[in-house]
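Enquirer: Below, each chain spelled out in residue letters.
Protein chains: 2
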Amino acid sequence: MSYKTLSKEELIKLEEKFEKQYISFKDKNLKLDMSRGKPGPDQLDLCMGMLDVFNSKSILNSEDGFDCRNYGCLEGIREARELMSGILDSSPDEVIIYGNSSLNIMYDTVSRSYTHGIFGMTPWKDLKEVKFICIVPGYDRHFSILRHFGIGYVNVPMLKDGPDMDMIEKLVAEDESIKGMWCVPKYSNPDGTIYSDKTVKRMAALKPRAKDFRIYWDNAYGVHNLYDDYEELTDILRECSKAGNPDMVYKFASTSKISFTGGGLAAMAASKKNIEEIKKQLFFQTIGHDKMNQLRHTRFFKDIEGIRAHMKKHALILRPKFEMVTATFEKELSGTDTASWTKPRGGYFISLNTMEGCAKEVVAYCKDAGVVLTPAGATFPDGIDPEDSNIRIAPSYPGIDELKAASELLCLCIKLVSVRKLIKNCK
Amino acid sequence: MSYKTLSKEELIKLEEKFEKQYISFKDKNLKLDMSRGKPGPDQLDLCMGMLDVFNSKSILNSEDGFDCRNYGCLEGIREARELMSGILDSSPDEVIIYGNSSLNIMYDTVSRSYTHGIFGMTPWKDLKEVKFICIVPGYDRHFSILRHFGIGYVNVPMLKDGPDMDMIEKLVAEDESIKGMWCVPKYSNPDGTIYSDKTVKRMAALKPRAKDFRIYWDNAYGVHNLYDDYEELTDILRECSKAGNPDMVYKFASTSKISFTGGGLAAMAASKKNIEEIKKQLFFQTIGHDKMNQLRHTRFFKDIEGIRAHMKKHALILRPKFEMVTATFEKELSGTDTASWTKPRGGYFISLNTMEGCAKEVVAYCKDAGVVLTPAGATFPDGIDPEDSNIRIAPSYPGIDELKAASELLCLCIKLVSVRKLIKNCK
Numbered sequence: 001m002s003y004k005t006l007s008k009e010e011l012i013k014l015e016e017k018f019e020k021q022y023i024s025f026k027d028k029n030l031k032l033d034m035s036r037g038k039p040g041p042d043q044l045d046l047c048m049g050m051l052d053v054f055n056s057k058s059i060l061n062s063e064d065g066f067d068c069r070n071y072g073c074l075e076g077i078r079e080a081r082e083l084m085s086g087i088l089d090s091s092p093d094e095v096i097i098y099g100n101s102s103l104n105i106m107y108d109t110v111s112r113s114y115t116h117g118i119f120g121m122t123p124w125k126d127l128k129e130v131k132f133i134c135i136v137p138g139y140d141r142h143f144s145i146l147r148h149f150g151i152g153y154v155n156v157p158m159l160k161d162g163p164d165m166d167m168i169e170k171l172v173a174e175d176e177s178i179k180g181m182w183c184v185p186k187y188s189n190p191d192g193t194i195y196s197d198k199t200v201k202r203m204a205a206l207k208p209r210a211k212d213f214r215i216y217w218d219n220a221y222g223v224h225n226l227y228d229d230y231e232e233l234t235d236i237l238r239e240c241s242k243a244g245n246p247d248m249v250y251k252f253a254s255t256s257k258i259s260f261t262g263g264g265l266a267a268m269a270a271s272k273k274n275i276e277e278i279k280k281q282l283f284f285q286t287i288g289h290d291k292m293n294q295l296r297h298t299r300f301f302k303d304i305e306g307i308r309a310h311m312k313k314h315a316l317i318l319r320p321k322f323e324m325v326t327a328t329f330e331k332e333l334s335g336t337d338t339a340s341w342t343k344p345r346g347g348y349f350i351s352l353n354t355m356e357g358c359a360k361e362v363v364a365y366c367k368d369a370g371v372v373l374t375p376a377g378a379t380f381p382d383g384i385d386p387e388d389s390n391i392r393i394a395p396s397y398p399g400i401d402e403l404k405a406a407s408e409l410l411c412l413c414i415k416l417v418s419v420r421k422l423i424k425n426c427k
Numbered sequence: 001m002s003y004k005t006l007s008k009e010e011l012i013k014l015e016e017k018f019e020k021q022y023i024s025f026k027d028k029n030l031k032l033d034m035s036r037g038k039p040g041p042d043q044l045d046l047c048m049g050m051l052d053v054f055n056s057k058s059i060l061n062s063e064d065g066f067d068c069r070n071y072g073c074l075e076g077i078r079e080a081r082e083l084m085s086g087i088l089d090s091s092p093d094e095v096i097i098y099g100n101s102s103l104n105i106m107y108d109t110v111s112r113s114y115t116h117g118i119f120g121m122t123p124w125k126d127l128k129e130v131k132f133i134c135i136v137p138g139y140d141r142h143f144s145i146l147r148h149f150g151i152g153y154v155n156v157p158m159l160k161d162g163p164d165m166d167m168i169e170k171l172v173a174e175d176e177s178i179k180g181m182w183c184v185p186k187y188s189n190p191d192g193t194i195y196s197d198k199t200v201k202r203m204a205a206l207k208p209r210a211k212d213f214r215i216y217w218d219n220a221y222g223v224h225n226l227y228d229d230y231e232e233l234t235d236i237l238r239e240c241s242k243a244g245n246p247d248m249v250y251k252f253a254s255t256s257k258i259s260f261t262g263g264g265l266a267a268m269a270a271s272k273k274n275i276e277e278i279k280k281q282l283f284f285q286t287i288g289h290d291k292m293n294q295l296r297h298t299r300f301f302k303d304i305e306g307i308r309a310h311m312k313k314h315a316l317i318l319r320p321k322f323e324m325v326t327a328t329f330e331k332e333l334s335g336t337d338t339a340s341w342t343k344p345r346g347g348y349f350i351s352l353n354t355m356e357g358c359a360k361e362v363v364a365y366c367k368d369a370g371v372v373l374t375p376a377g378a379t380f381p382d383g384i385d386p387e388d389s390n391i392r393i394a395p396s397y398p399g400i401d402e403l404k405a406a407s408e409l410l411c412l413c414i415k416l417v418s419v420r421k422l423i424k425n426c427k
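Chains as they are written, first to last, in the working numbering: chain A, 1 to 427; chain H, 1 to 427.
Treat the hints with care, since some could be wrong.
Identical chains share a label here; the pair holds if one copy fits it or two copies do between them.
[Said to hold, decoys possible] Subject to a maximum C-alpha distance of 30 Å in a straight line, what follows is the list of computed DSBU-like cross-link-like pairs (lysine-lysine):
| id | residue 1 | residue 2 |
| --- | --- | --- |
| 1 | Lys280 | Lys367 |
| 2 | Lys279 | Lys125 |
| 3 | Lys211 | Lys128 |
| 4 | Lys360 | Lys280 |
| 5 | Lys424 | Lys26 |
| 6 | Lys31 | Lys279 |
| 7 | Lys279 | Lys131 |
| 8 | Lys128 | Lys280 |
| 9 | Lys4 | Lys427 |
| 10 | Lys421 | Lys17 |
| 11 | Lys31 | Lys280 |
| 12 | Lys4 | Lys17 |
| 13 | Lys360 | Lys279 |
| 14 | Lys125 | Lys273 |
| 15 | Lys424 | Lys17 |
| 16 | Lys367 | Lys279 |
| 17 | Lys31 | Lys57 |
| 18 | Lys125 | Lys280 |
| 19 | Lys128 | Lys279 |
Quick caveat, the hints were computed from the structure, so don't treat them as lab data.
Model the full assembly from the supplied sequences, consistent with the hints where possible.
Expert: Here it is in structure tokens:
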């Protein structure tokens, strides 16, 4: 029954009921964190075998005979580039391996464009205005890099098969100050959307006015499928090349949610021309990244098939958690007209939309009862969700029982806040 | 016998003799690299036990119970900060652990000052002129960071107990555009000089006109003693604090030449106020560095005493190499007046000065006979040694027999080039 059709009296009755339930939830003294896409300990256990791939008796040479213990190999050892090229859907020659954090690569990539410019074009620091397209809702850490460098933004809404391409085509063609666009193309953060083949092709065929416009393709969840029958993502770099825009995309990925979250491999892929330019700058920054960890990863996973097999084990752990949350939503909220939510088939998040103007209050109510959610608004640049509606749910870390309690609490808070909002509106 | 006192005829005779020797050296088809301060494989073997400190059965929590496999802990786990604080001679609260490369930290530190400024002061990108003091001869990678950011330099000569402090005091007091100074205070690269207590104290008491002036204290060789009776370095941060300049220094160090060169730990130390500012920026850059490697290092070395004991093993390998090179110089060049050289008691380099105008040619002769040295000039900003005299020798990587051959060749090239130069001067 839609709460929106209820009379004031009916709503007040519901409010009383929910308030009682809320108080008894508080008495449970929950202490749960669903705020960040953090693998659970059981997921990290899956990777412990990586610690046995070599020991003090091992030879630590790469396949081409390079001693991984020593200096050198700025772009990463060959087999690590091969491994990551599988995730990045590129050739190893188009790949550079960095340290453990793809966020750090993205930061560096923006920072380099800001201080030195791309292909000899004006460094962004010397331009009056630089803006990015921010697909919303999106990833807070992408947005905060922009804020840090004083880069502006234009929000573009996410649709069912990717961002609103009509808007994007128009924006980049008209506005030379638009220099980039963050994308999480597969199981987008937080919506779990997969960009359709058509969306990717339209993106690759963009005609940006800014010659240094780049698509920042953060394929964070490229192999993070929850189900065996998953949808393939069309490769943007190949499409860009076909469309005559070979240099228009930087791709990023990491093993942070594949191997050890606190000690994985991060990498980027781009056209050879981009990679050459980036390597020239990278020379000033380091002698080389951690090759021991590169070797550890390649000896454990072997190749992309090894990674895919490993990801199936992650899915076995994660799938019940995602399904538990969406089933709870279904059970508690279905038909109430108080919220809608995604049912992602991969990635790390469920995206939930409350009635307009309720998200912040819902998050605050949850917090008061011991469940920490990502702050409402975090999925928008500057933390401002104009509709105060989107909440990002990260179900990976808590155990399944905790998750059940937390989801039930969340549903209750949504109902309580919604009912109160509706009562106010009756006046 | 000083070659400078010989007659033209005597010099021509020597030239003939050296030329014959040079040709027979060429016939040996040497293929050696003394260009970079790279540990030898036997040094890397010393650390293999680090690969046994944990395996798939281990609990990978830090001492305070943090799961090192997961996200978080931006500043590094407590015990890693304790370990590195021993090398950095600071308290753990003044330390941030990064990835594997201290060069990368230094790059980031300059980059941050360039884009965002220090303590709210004008970012360097917005200043007309920014300069660094470069102590020469010095480390090429320090200088190339400046070049990359278009930062100018003023060369200040290295004296016996550190750089020329009279010059430095005057420069920083007068010139507001001087924002920094690179220092390798212990076993300086390439001279092997240790800054005296007096030098450190004068440095700490500088009265720079620029309030965002910082000393970039790259203590790369802080525990890299070749002999048991080593000189202690006075701590700059403590002295700065005493002198009323608590925020004037950033300290850097890594385990690149302690544990695995291609997979060590790098860290920085500074006043708590500096560390707070840096952590705020670091938040935009990463969720956290590789904590697995932090745990690996702390479980292997335990503490600074563990590191000191380990460095004695390195010294056993390195000392004979350094002594072989300087003994060869002594034997072949002593009294010829063609070169002078340092006899470092630690670090990774021997610094050699040829007669003015000979270094480039000597390096070219060596290369033609199969021995690669650091390019002449590399120890000066922009690769320009005004006297074309300094050559940096890195004796760590080759085996002792190869090193003997290479040193003999180098001496021969010095003698041949010097004699030819002197003959030319006779005309």
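Enquirer: Return the numbers of the hints above that this structure violates; sort them in rising order.
Expert: none
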